[in-house]
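Participant: To convert a position in the sequence shown, counted from 1, into this note's numbering, add 573.
In short, the hints are calculated from the structure, not lab data.
These figures come from a predicted structure and were not determined experimentally.
Just so you know, even glycine gets a beta-carbon here, dropped at the ideal spot from N, CA and C.
Nothing false has been slipped in among the hints.
Derived DEER-like restraints, expressed as beta-carbon distance ranges:
no., residue 1, residue 2, range
1, Ala610, Gln698, 38 to 46 Å
2, Ser751, Lys648, 16 to 24 Å
3, Pro712, Lys580, 45 to 53 Å
4, Lys592, Ser691, 48 to 56 Å
5, Gln842, Lys605, 26 to 34 Å
6, Ser850, Ala674, 46 to 54 Å
7, Pro712, Glu658, 13 to 21 Å
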Amino acid sequence: MKHKTSKRYRAALQVADLKAKYDVTQAAEIIKKMPSAKFDETVEISAFLGVDPKQSDQMVRGTVSLPNGSGKKIKVLAFTENPAEALAAGADFAGLADMIAKVNGGWMDFDVAISTTSAMKDVRQVARVLGPKGLMPNPKSGTVSDDLPKTIKEVKAGRVEFKMDKTGNIVIVVGKKSFSVKQLTENAQVALAALVKSQPAGQTTNMRAEKQFLVDEVAAQLASSNYLLIANFTGVSVKDATSVRDQLRVHGAEYHVVKNSIMNIAVKQANLPDLSSHLSGHTALVTGGKNPTGVAKVLVSFFKEFSKLEVKAGVLDAKILTKSDIDALSKLPSLEAIRAQLLSLFNTPASQVVRLLDAKRQKDETVA
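Work out the full structure: start from the sequences and follow the hints.
Facilitator: Quick look at the structure:
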């Protein structure tokens with residue numbers, strides 16, 4: 574008997590070939606074209622890693638901070654001796670003995686539980702409750718921290734956890750269907766890079782193809798621009814990142830958060846000067862448009878205003894730009910300002926000539 578498929582499934586087959594291979598951007602474009610449900614669907618990356626999950630040294634798990642967030646409002650429970658600090662940092666619920674009692678009583682109205690190291694001796698009382706649900710704070714998943722405010726902000730800003738299941742499969746949330754193609758692409762690239770980094774020792778060959786296409790995408794981006802700027806976006810919220818992205822878009826530029834290892838290989842592949850000494854932390858790559866001066870102004874201004882963004886270095890016409898060079902570039906007049914100055918120089922003497930000729934014409938007419 575032939576299996577009956579839904580109308581939505583049949584419509585989805587019209588925009589995607591199940592046997593074809595797509596890069597990240599193409600996949601995001603296809604997702605946007607697919608028929609929508611009555612709710613904002615979650616977009617995920619699913620992968621089979623080809624490892625043995627029964628072997629402890631082959632377990633894959635980790636966290637990744639998505640540059641555009643996950644699209645989900647995360648409720649955070651913080652187990653801490655200082656609940657006021659946690660609540661001020663953005664936690665939805667905070668406490669220790671009182672929160673442990675609530676959880677043991679069946680309360681589970683939160684998405685992520687985090688804890689300080691010192692509180693973990695008490696939090697173990699709820700291990701049997703939180704463990705089976707995947708909510709038990711764990712150092713390996715980044716949910717046990719002595720810098721609770723930082724961890725809370727990262728989770729709220731879009732940090733997601735991933736962990737391989739018993740069959741060797743792994744799923745990473747990369748956003749919602751309502752996200753733009755660009756947002757989905759950026760999130761997916763960062764998630765894939767994190768997955769590559771988390772691979773077990775001896776499994777490099779399984780990840781080589783995925784890493785190569787990420788390198789190829791970044792190298793193509795570098796080749797299509799006559800300049801590049803790199804900056805440290807560590808700790809920048811999704812809201813602030815969106816703000817600077819909108820300002821860059823005015824100049825035809827865009828930025829992508831790129832894994833340093835991917836960036837380093839892509840720079841070599843694009844035959845650009847070595848930037849490895851400038852690659853640390855969360856690296857954002859800025860390219861595109863024909864106005865590097867305007868782009869530099871946006872980045873330098875953002876850095877001064879928020880004190881979060883460090884403009885590290887850049888390349889212009891195959892030459893390395895230092896932080897000082899970029900600061901100097903940002904102080905140059907824009908292309909529009911230069912054009913206005915030139916136009917002013919040309920127009921001023923011309924208008925004087927016109928007035929003189931018109932005065933002579935009027936005098937000649939009077940004499941006649």
